[in-house]
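Engineer: So you can see what is in the structure, the chains are spelled out below.
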Amino acid sequence: MPPATIPSAADRPVHLIAPSRGWVPVNLAEIWEYRELLAVLVWRQVRVRYKQTALGVAWAVLQPVATMVVFSVLFGRLAKLPSDGVPYPVFAFCALLPWQLFAYSMTEASNSVVASQQMLTKVYFPRVLLPLSSVAVGLVDFAVSFVVLIAMMLGYGLRPGLEVLTVPLWTLLAVATAVAVSLWLSAINVRYRDVRYTLPLLTQLWLFVTPVAYATSLVPEAWRWLYAMNPMVGVVDGFRWALVGGAWPGPSVFVSGGAVIALLVGGLFYFRRMERTFADVV
Amino acid sequence: MSTGSAIVAEGLSKRYRLGAREPYGVLRDRIGQLLRSPFRRRDRAEPAWIWALDDLTFEIGEGDVVGIVGRNGSGKSTLLKILSRITEPTRGRALVRGRVGSLLEAGTGFHPELTGRENVFVNGAILGMRRQEIQRRFDEIVAFAGVERFLDTPVKYYSSGMQMRLAFAVAAHLEPDVLLVDEVLAVGDAEFQRRCLGKMHDVSQEGRTVLFVSHQMGQIRRLCRSAVWLDRGRMRAFGPTDEVLAQYEQAAGSRDAEAAGGGVFGGWELGTGGHVLDGGSEPFVLRIRISPGHPVSEGHFGLGLLSTSDEIVGGWDFEPISLSGEGELLEIALPQLPIRPGVYRWTFTLFDCGNNLSGGRLVEKWVAMPDLQIHAQPVGHSQDAFAGVLNVPASLRTGSGAVVESAGRGDHRPSGPSRLVVGLG
Numbered sequence: 001m002p003p004a005t006i007p008s009a010a011d012r013p014v015h016l017i018a019p020s021r022g023w024v025p026v027n028l029a030e031i032w033e034y035r036e037l038l039a040v041l042v043w044r045q046v047r048v049r050y051k052q053t054a055l056g057v058a059w060a061v062l063q064p065v066a067t068m069v070v071f072s073v074l075f076g077r078l079a080k081l082p083s084d085g086v087p088y089p090v091f092a093f094c095a096l097l098p099w100q101l102f103a104y105s106m107t108e109a110s111n112s113v114v115a116s117q118q119m120l121t122k123v124y125f126p127r128v129l130l131p132l133s134s135v136a137v138g139l140v141d142f143a144v145s146f147v148v149l150i151a152m153m154l155g156y157g158l159r160p161g162l163e164v165l166t167v168p169l170w171t172l173l174a175v176a177t178a179v180a181v182s183l184w185l186s187a188i189n190v191r192y193r194d195v196r197y198t199l200p201l202l203t204q205l206w207l208f209v210t211p212v213a214y215a216t217s218l219v220p221e222a223w224r225w226l227y228a229m230n231p232m233v234g235v236v237d238g239f240r241w242a243l244v245g246g247a248w249p250g251p252s253v254f255v256s257g258g259a260v261i262a263l264l265v266g267g268l269f270y271f272r273r274m275e276r277t278f279a280d281v282v
Numbered sequence: 001m002s003t004g005s006a007i008v009a010e011g012l013s014k015r016y017r018l019g020a021r022e023p024y025g026v027l028r029d030r031i032g033q034l035l036r037s038p039f040r041r042r043d044r045a046e047p048a049w050i051w052a053l054d055d056l057t058f059e060i061g062e063g064d065v066v067g068i069v070g071r072n073g074s075g076k077s078t079l080l081k082i083l084s085r086i087t088e089p090t091r092g093r094a095l096v097r098g099r100v101g102s103l104l105e106a107g108t109g110f111h112p113e114l115t116g117r118e119n120v121f122v123n124g125a126i127l128g129m130r131r132q133e134i135q136r137r138f139d140e141i142v143a144f145a146g147v148e149r150f151l152d153t154p155v156k157y158y159s160s161g162m163q164m165r166l167a168f169a170v171a172a173h174l175e176p177d178v179l180l181v182d183e184v185l186a187v188g189d190a191e192f193q194r195r196c197l198g199k200m201h202d203v204s205q206e207g208r209t210v211l212f213v214s215h216q217m218g219q220i221r222r223l224c225r226s227a228v229w230l231d232r233g234r235m236r237a238f239g240p241t242d243e244v245l246a247q248y249e250q251a252a253g254s255r256d257a258e259a260a261g262g263g264v265f266g267g268w269e270l271g272t273g274g275h276v277l278d279g280g281s282e283p284f285v286l287r288i289r290i291s292p293g294h295p296v297s298e299g300h301f302g303l304g305l306l307s308t309s310d311e312i313v314g315g316w317d318f319e320p321i322s323l324s325g326e327g328e329l330l331e332i333a334l335p336q337l338p339i340r341p342g343v344y345r346w347t348f349t350l351f352d353c354g355n356n357l358s359g360g361r362l363v364e365k366w367v368a369m370p371d372l373q374i375h376a377q378p379v380g381h382s383q384d385a386f387a388g389v390l391n392v393p394a395s396l397r398t399g400s401g402a403v404v405e406s407a408g409r410g411d412h413r414p415s416g417p418s419r420l421v422v423g424l425g
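Residue numbers (the working numbering), protein chains in the order written: chain A, 1 to 282; chain B, 1 to 425.
Don't read these hints as lab results, they were simulated from the structure.
Computed from a predicted structure; not experimentally measured.
All C-beta atoms, glycine included, are put in the ideal place defined by N, C-alpha and C.
Do not rely on the hints blindly, as some may be mistaken.
Stated by the list, open to error - Partner residues aside, some chain A positions facing chain B, computed with beta carbon under 8 Å: (1) Arg21; (2) Val40; (3) Lys122.
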């Protein structure tokens with residue numbers, strides 16, 4: 001084989017290696033540069049996830065469906081929670097989709113940096129790809145479950161209006177929330193392994209302050225603004241409004257949106273700050 | 001930075017907290033501290049720091065192949081980690097031109113559940129290769145690793161050797177402008193090591209810059225034009241390989257002697273001087289300087305020759321021997337050493353049996369630091385995998401009376417006493 005030609009010196013970029021100072025955000029341009037690695041990391045997780053399981057990908061659907069059934073019996077039939085005129089199973093399932101996306105991503109992403117210790121100490125790549133890839137895997141499950149939701153809506157004869165066009169927007173908001181929380185938790189987890197033990201409790205509490213099993217209309221009007229500080233409130237209300245004809249959530253959407261942006265921007269800075277010492281600490 | 005240089009470092013330093021690593025805390029402790037004394041600043045015991053790298057300044061030209069030597073903990077790996085951006089320096093800065101590929105450990109990112117084929121793509125992507133690049137070189141990678149038949153088997157069913165070969169194969173086909181290699185070649189069988197070294201030699205021939213950490217002086221001598229000697233984070237020497245290694249080995253030799261307590265082992269060399277044996281089919285003499293510190297009346301002296309993977313290639317023992325205890329020179333004559341070209345190490349053991357019937361007291365045991373290098377033309381088998389250790393020619397006569405000589409490795413046969421080619425795969 002002839003020796004490969006390498007470009008002349010002037011064509012090649014020069015990297016500066018120096019201690020970073022102060023607060024800078026995660027380098028977004030670099031994430032784009034490494035998009036292929038991101039794709040591979042996602043693919044690897046998807047590929048490995050259901051290996052040697054009897055049911056395989058069916059698990060992605062089974063989990064939210066089972067939760068939906070439990071909720072329908074407990075809250076819909078027994079507790080008779082109001083569901084804003086929508087059949088309760090659809091009402092719950094429509095909220096469970098973004099919720100599962102969020103909860104799964106958060107759990108997986110929080111541990112993603114620590115779990116990749118081997119890679120972290122042996123090769124350079126933007127570390128932020130680790131939590132990002134976990135969130136992306138959550139999106140794959142989300143897409144699969146979405147098909148089930150469409151089937152359910154057809155079964156119940158529900159026909160969404162033009163609002164359905166805003167679904168990508170709400171999905172984006174859900175992803176942004178998942179990314180924001182993941183950035184914080186995955187970075188903290190490198191230094192404080194307590195995060196792993198806090199997560200189940202955190203997820204459970206978060207579920208209760210999110211209108212998954214019940215409708216936002218149960219929350220007193222005066223407290224809605226505070227309630228909406230939980231970005232998942234905006235996400236879930238938005239989904240219901242867009243898909244099954246729930247009430248327009250009103251200004252609380254903007255409160256949720258603002259909260260996500262604050263959390264996300266803070267997360268980008270915090271992650272970068274902690275990233276410097278990942279390889280030394282993990 | 002000037003156009004001719006690949007790496008420029010200015011005052012590069014890295015500080016670590018003493019104790020294993022930066023500790024990761026438990027939140028409870030922090031909270032507990034705050035509860036007990038909410039108004040006092042957290043009183044931390046002043047942590048002890050260690051400078052793993054201390055003010056390194058150097059410049060490496062494009063296409064240079066530079067060996068890095070030094071004792072364990074001298075900062076070699078830290079330097080590679082900083083240059084590959086795995087960890088940040090505490091002070092100073094470095095400029096690196098072009099794509100950097102690091103091979104600090106083979107197999108990073110291998111997933112046991114994925115097949116060999118899948119892992120090649122994952123591992124390649126992690127090391128920074130584009131999908132198309134991997135696709136283009138896929139067959140080459142697989143052939144290099146020799147795992148064709150197991151491509152669609154999950155890697156968890158591979159032997160560790162197979163995994164290692166596959167991992168190195170991927171890494172070796174990276175095409176970075178600057179390649180950083182830590183001691184990955186220390187593992188694997190001798191045959192595979194040779195192939196890896198050959199691959200690295202090819203990479204350097206293509207005009208890429210290579211930084212190479214190794215404890216095996218022979219490897220560095222063969223591959224590198226210049227070398228860096230690190231000692232406790234500082235640069236002791238940087239220059240032509242021969243000069244730097246000579247200084248390093250001298251220091252290491254005297255340190256070996258120191259470590260041996262009273263300096264029992266004082267170094268060794270061949271009768272012709274140095275540690276390089278040209279040929280191996282001629283008689284030669286080995287000189288070993290020892291000073292046991294006390295008279296040995298019925299001593300037992302053992303001599304072993306080890307391959308780089310620590311297999312015993314040859315062993316000899318001598319008893320009884322008596323030594324004065326002062327420094328003296330032992331001369332061991334061997335009629336020949338017809339083994340394959342490569343790098344080997346001596347081990348020496350000295351027992352003082354005295355009146356002790358139960359086998360004697362170990363006075364000292366050494367592994368000689370400067371490697372013995374055999375420079376010879378391989379004459380046994382043309383394929384490394386079947387060549388073994390012995391390097392003895394044979395001839396075959398057929399029924400018709402035709403005589404065929406055993407093959408050497410024709411395509412790599414050196415044309416002269418070239419140091420770079422001999423022994424490379």
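Engineer: All the hints need checking, so say for each whether the structure fits it.
Structural biologist: Hints and how they fare:
A cut of 8 Å between beta carbons decides the hint on A:Arg21: the least distance to chain B is about 10 Å, and the hint is violated. The closest approach between the C-beta of A:Val40 and any C-beta of chain B is roughly 4 Å, which is under the 8 Å cut-off, so the hint is satisfied. The beta carbon of A:Lys122 comes within 4 Å of a beta carbon in chain B, closer than 8 Å, and the hint placing it at the interface holds.
In terms of the numbered hints stated before, the structure departs from hint 1 and from no other.
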